[in-house]
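Input sequences plus hints: build the corresponding full structure.
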Amino acid sequence: MESMTILNNVEDKHIEELESVTIRFAGDSGDGMQLTGTQFTKTSAIVGNDISTLPDFPAEIRAPAGSLPGVSGFQLNFSNHDIRTPGDEPNVLVAMNPAALKVNLADLEPGGILLVNTDAFSDNNLKKAGYGSNPLEDGSLTGYRLFKLPITTLNRAALRDEVELPPKEIDRCKNFWALGLMYWLYDRPLEPTMNWVNEKFKKKPDVVKANVTALKAGFAYAEAAEIFTTHYRVRKAAIAPGKYRNITGNEATALGFVAASVLAGRPLFYASYPITPASDILHELSMRKNFGVKTFQAEDEIAAVCAAIGASFTGNLGLTGTSGPGLALKSEALGLAVMTELPVVVVNVQRGGPSTGLPTKTEQADLLQAMFGRNGECPVAIVAPATPGDCFHMAIEAFRIATRYMLPVIYLSDGYLGNGAEPWRVPAMDELPRFEANLYKDPDNFQAYARDPQTLARPWAVPGTPGLEHRIGGLEKQDITGNVSYDPENHMHMVETRAAKVARIADDIPELEPFGEREGRLLVVGWGSTHGSITSAVEEMQGRGRSVSSVHLRHLNPFPRNLGELLGRFDRVLVPELNMGQLWLLMRAKYLVPAISFPKVKGKPFKISELTAKMEEVYED
Amino acid sequence: MESMTILNNVEDKHIEELESVTIRFAGDSGDGMQLTGTQFTKTSAIVGNDISTLPDFPAEIRAPAGSLPGVSGFQLNFSNHDIRTPGDEPNVLVAMNPAALKVNLADLEPGGILLVNTDAFSDNNLKKAGYGSNPLEDGSLTGYRLFKLPITTLNRAALRDEVELPPKEIDRCKNFWALGLMYWLYDRPLEPTMNWVNEKFKKKPDVVKANVTALKAGFAYAEAAEIFTTHYRVRKAAIAPGKYRNITGNEATALGFVAASVLAGRPLFYASYPITPASDILHELSMRKNFGVKTFQAEDEIAAVCAAIGASFTGNLGLTGTSGPGLALKSEALGLAVMTELPVVVVNVQRGGPSTGLPTKTEQADLLQAMFGRNGECPVAIVAPATPGDCFHMAIEAFRIATRYMLPVIYLSDGYLGNGAEPWRVPAMDELPRFEANLYKDPDNFQAYARDPQTLARPWAVPGTPGLEHRIGGLEKQDITGNVSYDPENHMHMVETRAAKVARIADDIPELEPFGEREGRLLVVGWGSTHGSITSAVEEMQGRGRSVSSVHLRHLNPFPRNLGELLGRFDRVLVPELNMGQLWLLMRAKYLVPAISFPKVKGKPFKISELTAKMEEVYED
Amino acid sequence: MSTNTDANQGGNGGQPPVKLTRKDFVSDQEVRWCPGCGDYAILAQVQKVMPELGIRRENVVFVSGIGCSSRFPYYMNTYGFHSIHGRAPAVATGIKASNPELSVWVITGDGDALSIGGNHLIHAIRRNLDINIILFNNRIYGLTKGQYSPTSEMGKRTKSTPFGVIDYPLNPLSVALAAEATFVARSVDTHTQHLQMIVQRAMEHKGVSFVEVYQNCNIFNDGAFDMFTARDVKEDRMIELEHGRPLIFGKERNRGIRMRSDMHLEVVELGNGVSESDLIAHNEKAPDSYLAYMLARMEYPEYPVPVGVFRDVQKSTYEDLLTEQVERAIQNMGPGDLEGIINSGDTWVIE
Amino acid sequence: MSTNTDANQGGNGGQPPVKLTRKDFVSDQEVRWCPGCGDYAILAQVQKVMPELGIRRENVVFVSGIGCSSRFPYYMNTYGFHSIHGRAPAVATGIKASNPELSVWVITGDGDALSIGGNHLIHAIRRNLDINIILFNNRIYGLTKGQYSPTSEMGKRTKSTPFGVIDYPLNPLSVALAAEATFVARSVDTHTQHLQMIVQRAMEHKGVSFVEVYQNCNIFNDGAFDMFTARDVKEDRMIELEHGRPLIFGKERNRGIRMRSDMHLEVVELGNGVSESDLIAHNEKAPDSYLAYMLARMEYPEYPVPVGVFRDVQKSTYEDLLTEQVERAIQNMGPGDLEGIINSGDTWVIE
Ligand SMILES: Cc1ncc(C[n+]2csc(CCOP(=O)(O)OP(=O)(O)O)c2C)c(N)n1
Ligand SMILES: Cc1ncc(C[n+]2csc(CCOP(=O)(O)OP(=O)(O)O)c2C)c(N)n1
Ligand code: SF4
Ligand code: SF4
Ligand SMILES: [Mg+2]
Ligand SMILES: [Mg+2]
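Residue numbers (the numbering used here), protein chains in the order written: chain A, 1 to 621; chain B, 1 to 621; chain C, 1 to 351; chain D, 1 to 351.
These are computed hints drawn from the structure, not numbers from a lab.
Ideal placement from N, C-alpha and C gives every residue a C-beta, glycine not left out.
Errors might be hidden in some of the hints.
Incomplete in silico selection of chain C near chain A, CB under 7 Å [what the hints assert, rightly or not]: (1) K48; (2) N59; (3) V61; (4) V91; (5) I95; (6) S98; (7) N99; (8) L102; (9) N119; (10) H123; (11) I330; (12) D346; (13) T347; (14) W348; (15) I350.
In structure tokens form, the structure reads like this:
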């Protein structure tokens with residue numbers, strides 16, 4: 001194969017070994033940067049690197065070409081060892097136009113590789129990006145290893161005689177040209193991408209040819225033009241063996257709920273109203289009709305949660321999904337689910353707030369809303385996946401809890417998890433938990449609010465079952481019978497019972513296993529999508545010989561049983577969160593521990609360096 | 001005057017002095033118990049007693065006559081000294097039918113006076129009330145001083161020859177007969193009630209005559225029949241001189257907002273959707289159109305808060321009011337008010353939750369919802385009146401804060417405050433605070449998100465003002481300009497700024513003045529409608545020589561500046577709340593103080609005795 | 001179509017019909033409306049009609065929002081869901097879409113359905129789920145003690161409008177028709193025979209049924225409909241719609257409704273050159289909703305108030321189309337294979 | 001009536017009209033719609049019409065919800081409020097009711113107005129506030145990247161309906177009419193002259209104006225209306241409504257709309273015994289909304305698609321009635337006396 005020949009040639013050149021590399025591809029929304037990034041990722045995964053990625057979409061659908069809001073980016077980190085984040089600062093920035101340079105340059109590490117498409121640096125584009133002078137010429141980029149390439153021109157030249165396509169289509173291949181170049185630079189094979197192109201554009205041989213040619217041309221150019229003195233190799237990581245796939249959190253969430261339905265033997269009913277960044281879950285699930293999954297795009301978030309409650313009432317797994325503003329709208333109905341004790345799961349893919357906020361950015365600022373955002377004493381269970389792949393498992397866990405305890409569960413994902421991808425080891429069927437979600441059938445002495453002595457769950461008695469006819473609703477219920485009751489003592493009893501149901505879940509979830517020693521100087525407590533950066537940072541601190549451990553909460557209400565005890569075993573407790581200190585507040589209130597909050601609300605995940613710096617500070621204090 | 005003659009007669013009889021008395025009138029919804037209670041209250045106020053009242057309405061509009069859910073009650077406490085609650089256990093229970101007896105007997109103090117209308121104890125009524133045997137005959141009432149009176153019969157006899165009214169109308173006067181009897185028993189004048197009847201039924205002389213006759217007949221019967229060996233006197237209390245009126249919290253709230261409008265010189269716009277127990281505020285304000293007050297009954301709570309936000313945008317005092325489930329619905333829009341930094345006030349007259357809960361019962365369980373019930377980091381200011389009369393003052397305070405800091409304020413009343421009445425010393429005009437709520441007018445260098453250096457308020461720049469055209473909305477705002485911004489650093493800065501605005505209010509509100517010593521063994525911290533019972537209980541503890549003080553929070557976010565310091569001056573901190581520990585949680589999180597929660601969620605206020613018992617327990621621990 | 005229920009046996013999930021009586025549908029809960037409330041009559045008629053179609057209690061679900069009328073489910077010895085204010089159509093949608101075998105009823109009030117719940121109502125209607133919506137229109141908020149509702153008349157003084165209502169009222173039937181309703185009808189609480197007939201017709205209709213019932217709230221809006229529903233005047237002031245029959249009314253049946261050339265409906269006296277054939281003939285089945293819309297907008301005193309079935313047409317129901325998609329997906333893609341989809345996409349193996 | 005604005009000078013609060021140009025209404029914010037989006041054209045027409053009526057910038061408020069279309073206010077150099085999804089009519093109600101002097105515009109999308117915001121829409125309409133509502137109907141959710149909307153066709157495959165839409169679409173104009181709208185119109189993004197005329201008519205109407213604009217979303221629903229709006233076919237597939245004129249259309253103006261005796265609209269060829277006088281004459285001012293309702297429901301291909309003003313009638317506005325109540329209250333009770341009301345009720349003095 002041609003590409004193999006090229007590859008073999010490559011072997012002769014000077015190759016430098018690297019531990020890990022972070023690349024950011026950036027360009028106009030129309031430049032295909034997401035695709036470029038995804039292809040580089042997949043290829044890296046296939047050659048055995050550990051990988052982690054972070055896409056960064058513009059907020060506008062199609063901002064004007066060349067404008068700052070129109071910049072689209074994709075960062076990936078690949079490594080010969082275990083990594084958990086897409087990297088703090090890119091080592092390499094590929095900037096396809098001035099706006100991409102402007103938006104991303106500040107993040108590039110000092111001395112980093114900067115690759116620009118000079119063809120895009122027209123006066124017009126420079127103006128759109130707000131450049132007074134051309135940065136490629138005014139000396140402002142001297143701190144970087146700048147490579148100026150007329151990518152558009154080179155790509156056109158390569159394709160001109162090869163394919164019969166309109167110029168616009170030809171130009172659209174320039175991202176593959178750049179990808180080819182990067183493949184050479186980091187010593188990756190072309191086949192996986194060529195295979196993908198062949199499959200994807202099966203019906204358009206011209207397009208296949210164009211892309212493959214561009215890819216090879218970029219690769220060949222790097223090889224031939226000798227603009228790079230070195231190229232790099234990142235060896236295989238020691239990754240747990242198994243079958244892997246790249247998966248985003250939203251995909252994993254959707255799959256997890258399908259799995260929950262299969263495992264529980266109950267149909268899944270997903271009611272949702274589109275909202276960024278949760279809509280993809282709706283899109284995914286709407287394709288799963290052959291699993292008996294029914295999806296319902298409701299007229300709004302209130303209708304969606306109400307329909308999910310209705311579906312749970314009939315014995316379906318009633319599920320609804322949204323993002324922050326939508327969760328706010330679901331508040332009242334969630335109270336109804338609490339009162340009627342029905343197993344509804346609410347997915348909240350958090351985004352930047354308050355209000356409409358920063359719809360395309362990530363944040364973890366809905367934890368207290370999830371805890372308290374309802375009238376009255378109205379507790380629900382809360383779980384939060386830690387990584388994109390974990391979304392799958394926590395989705396199952398959410399319905400396990402909901403059906404076992406007969407109560408609503410809020411599942412807190414976020415934009416970073418939802419859109420971010422990681423290589424996910426596909427679980428074998430027998431690794432998945434089984435749980436029983438049985439409907440109640442026995443008409444003898446049926447009482448709608450009788451309780452299982454262990455879980456305090458009431459029976460899941462659904463319409464269609466003879467002899468179990470009963471009425472539920474939002475008014476306070478009499479214990480056991482479920483009739484309406486205004487009795488003062490009963491009310492207090494029921495408030496306590498609903499709280500006790502949630503509390504008892506603690507006996508049924510794993511205790512926390514610290515990452516690191518079980519006692520020491522500093523314990524870092526995290527939850528949700530910060531898992532990767534916190535773990536990496538703690539690992540780094542441990543590498544520095546610091547007594548630092550971490551625990552990561554995937555159950556937020558109730559907390560795992562041993563959290564309080566663990567907190568007591570460390571001198572200092574640090575709580576980094578992508579909010580102003582919400583878990584921190586809950587922990588302080590519950591355990592009276594003088595934990596230190598490390599808040600960040602910038603629409604972005606933590607950098608490892610930010611975390612280690614803070615840990616050092618707290619460590620010494 | 002006739003009644004004076006009667007009164008004079010009375011003077012000869014044996015009179016016993018009492019410090020304070022608690023009476024509960026109870027009967028069927030149709031029996032006019034609320035009216036009876038109100039009349040007794042007013043008369044007691046006029047003779048100079050201190051008073052406190054608690055109405056207790058049935059949840060149904062008109063439950064079937066004689067049924068348990070149809071029982072309506074009215075409790076009042078009158079005294080020769082300062083009182084703050086309607087009393088724990090009634091000393092006297094007037095039960096107009098078996099259902100009223102059934103529902104209320106448990107509360108009557110042992111040995112208390114029990115007055116029943118034997119005419120209503122028919123087999124049918126006994127059955128409706130769920131009595132197997134007649135309690136008047138089966139000896140179950142031996143622990144009380146039982147007075148069995150055929151009130152219906154006696155009333156008919158008294159009216160038969162006096163008025164030409166259908167029997168139904170005559171029977172409707174029996175509550176006045178009972179009232180007359182009670183007036184004799186507690187040595188009250190008849191004039192105030194007779195005046196009221198004259199005024200109220202001006203156009204129906206027959207009805208006036210009937211009621212007055214019934215009233216006098218009851219009085220005369222008590223005097224003549226000598227069924228009571230004693231009657232009682234409760235002397236004037238030493239009440240601050242001034243003009244008083246009886247006022248419910250909802251009335252005071254409405255008046256307070258009208259006052260805020262007058263004081264600020266800005267029109268009031270009240271948008272609301274009816275809901276128990278907040279609707280009366282809408283009813284009150286809709287009658288105040290001559291103040292330029294506009295009321296808007298919206299299609300739902302979301303529309304109401306949005307319309308209020310729109311009104312604030314035009315320079316009105318935008319106000320919306322609701323109860324718990326409605327507050328849940330307003331969550332999303334409240335975030336918009338936070339982001340747009342507009343002075344909106346949201347009244348939440350809390351009721352029993354969660355969900356529809358116990359709509360006619362009181363509770364304080366929406367504090368955490370008010371704090372956290374929105375997506376993202378979304379702080380608002382929170383105030384809470386302590387007594388019905390205080391509702392007036394805190395309504396003004398809410399708009400003072402909202403307009404001075406340009407942010408939304410949640411005003412947390414509750415069912416007990418809203419429906420409960422107390423004698424309220426009418427403030428003189430010059431006692432009311434003035435506050436400036438000026439619109440911004442200057443078009444030079446206008447910036448929509450420029451800030452006052454002290455309050456951090458942005459300008460209140462309203463449509464119609466030339467040169468200030470600008471756009472606001474729910475997306476994150478750029479500092480100073482108010483343009484949309486997705487900038488990471490700006491986002492964090494704005495999140496911090498919005499929090500700082502709320503925090504700065506602390507410099508502008510009074511520090512807490514403890515009731516009792518400034519340090520000692522036990523500090524009791526309360527908020528909202530528990531003021532009366534907590535203060536009375538603390539007073540009682542102090543009387544027992546215990547080192548107990550209390551502070552009462554009327555500002556919940558931010559807390560008064562000296563709260564933390566005060567907490568540190570006491571060995572123990574107790575936080576009684578009509579919820580499961582919501583203020584308690586906030587205080588623990590903020591001050592890391594091992595406060596003790598004393599929760600109650602029974603749809604009822606605290607009894608003084610419950611509180612003192614708990615205080616004793618904590619005190620010794 | 002996936003369900004084997006047919007229109008006449010909705011809610012039996014294919015089981016044979018049973019013989020029940022009115023009493024079987026009476027629950028053990030004490031009824032808690034004000035004595036004299038029109039809700040009692042409606043409850044009685046519904047309980048009476050239920051057994052007529054051999055419907056099984058366990059397959060019936062009554063869903064309501066909040067309001068006096070919304071207590072209805074407590075009194076039916078079937079499954080019931082007293083949900084939250086305005087949201088009953090959404091809860092019912094979840095119930096019906098997730099289990100199409102059930103016979104699903106929505107009980108709602110004028111505030112519940114048209115104020116806070118207006119949007120859910122029109123969306124449930126446009127989706128044409130096979131649910132039966134009964135709106136108890138008393139032109140007032142009962143449960144919250146007497147504020148005006150979206151059907152209250154202009155100028156009406158209520159607790160929240162001491163100077164009179166200034167919002168133009170909504171006409172519930174027009175709204176339902178504009179929202180593409182396939183079955184629209186109206187009846188009156190006190191017209192028991194008619195009401196029974198309408199409830200039965202609603203039940204028989206496959207697809208969404210929207211029924212407005214004029215209901216007296218004797219506490220806060222007493223006699224709101226007496227002007228035309230009272231026994232002595234109703235024949236002159238109301239008109240009973242009958243499919244295929246000309247629009248005739250009046251004690252003497254001597255008046256009718258005619259379409260003027262400028263497209264205005266007018267009341268005419270029969271005789272003097274005006275014959276039955278000049279009148280509009282009612283057509284429930286008209287594919288367009290024009291006629292139903294016009295009739296829905298006739299109001300007293302200009303017109304007699306129409307009761308009966310305004311529109312009754314067939315379209316596929318949401319739940320059938322949904323079930324069909326599920327079944328077709330299974331046919332085309334095979335039944336869901338969890339292991340298969342987990343292992344799909346771009347996978348690679350690390351050894 | 002309390003306001004001294006008249007219909008032609010809405011939003012000047014009695015000040016004299018000013019001479020502004022299109023540019024005065026262009027804000028300094030960069031427009032951020034996809035290149036080619038129909039929203040640009042609508043923005044341009046609105047900016048063009050604004051100065052025509054001598055309206056002052058400071059008296060104009062544009063309110064929107066969330067969606068691509070809802071970014072509109074940022075681009076108008078007037079006051080603007082980009083509120084939250086579906087709630088623009090409610091925010092606008094608060095603005096207009098609290099300050100009737102302002103000229104208030106609501107910009108909304110098919111999802112914003114008819115899905116999440118349907119209820120606020122119908123209530124704002126029935127209240128007849130003098131606000132102008134412009135619904136950008138692209139039959140898709142643009143901002144959230146391509147899910148179906150309440151106006152999407154049955155069977156349409158979108159991101160959220162890979163097997164096709166199964167909800168019957170809503171007809172926005174029918175819903176507005178059923179909600180008692182006093183002004184209802186439709187235009188098309190690319191028909192610039194017509195669109196200008198309609199925007200101007202909406203502005204001139206005193207009371208609520210509801211305008212549907214067919215808007216192309218070239219990213220997620222490209223060409224949705226081309227079938228009948230395209231230059232070469234529009235005369236044959238659309239019909240322009242003109243008050244008082246018979247319903248005629250076609251390149252040759254040889255076809256028309258007639259009412260059949262069974263109350264069905266039919267398309268007829270003129271000639272062969274069919275003359276203009278057999279056709280329906282359009283009447284915007286008809287007191288009933290029947291005709292407007294029928295026309296609103298004409299859809300391609302059975303009928304030509306109507307554009308223009310369907311209905312334009314006068315009724316008192318909410319804000320005028322509200323102001324009137326305030327003024328009457330002041331007349332009858334005297335201007336509010338705070339000291340007076342605080343001291344009212346049953347008072348007593350303790351000395
Ligand atoms: C979210 C919410 N808002 C408001 C209320 C208060 N509320 C209960 S019923 C009702 C209106 C009742 O009117 P209608 O629907 O006409 O029913 P009716 O009582 O007349 O039968 C209102 C406003 C509530 N329970 N929940
Ligand atoms: C409460 C809430 N729910 C959902 C969303 C997500 N969302 C934003 S715009 C939109 C629909 C947009 O469609 P449309 O109104 O037709 O406007 P278009 O973008 O097509 O102009 C949705 C669902 C949101 N912002 N807020
Ligand atoms: S208030 Fe009216 S509607 Fe409600 S139960 Fe009483 S009479 Fe019926
Ligand atoms: S997505 Fe569609 S509606 Fe939105 S800006 Fe782009 S073209 Fe316009
Ligand atoms: Mg009603
Ligand atoms: Mg759209």
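Okay, the hints, checked on the actual structure:
{"no.": "1", "hint": "K48", "verdict": "18 Å, violated"}
{"no.": "2", "hint": "N59", "verdict": "6 Å, holds"}
{"no.": "3", "hint": "V61", "verdict": "5 Å, holds"}
{"no.": "4", "hint": "V91", "verdict": "4 Å, holds"}
{"no.": "5", "hint": "I95", "verdict": "4 Å, holds"}
{"no.": "6", "hint": "S98", "verdict": "4 Å, holds"}
{"no.": "7", "hint": "N99", "verdict": "4 Å, holds"}
{"no.": "8", "hint": "L102", "verdict": "5 Å, holds"}
{"no.": "9", "hint": "N119", "verdict": "6 Å, holds"}
{"no.": "10", "hint": "H123", "verdict": "4 Å, holds"}
{"no.": "11", "hint": "I330", "verdict": "5 Å, holds"}
{"no.": "12", "hint": "D346", "verdict": "6 Å, holds"}
{"no.": "13", "hint": "T347", "verdict": "4 Å, holds"}
{"no.": "14", "hint": "W348", "verdict": "5 Å, holds"}
{"no.": "15", "hint": "I350", "verdict": "5 Å, holds"}
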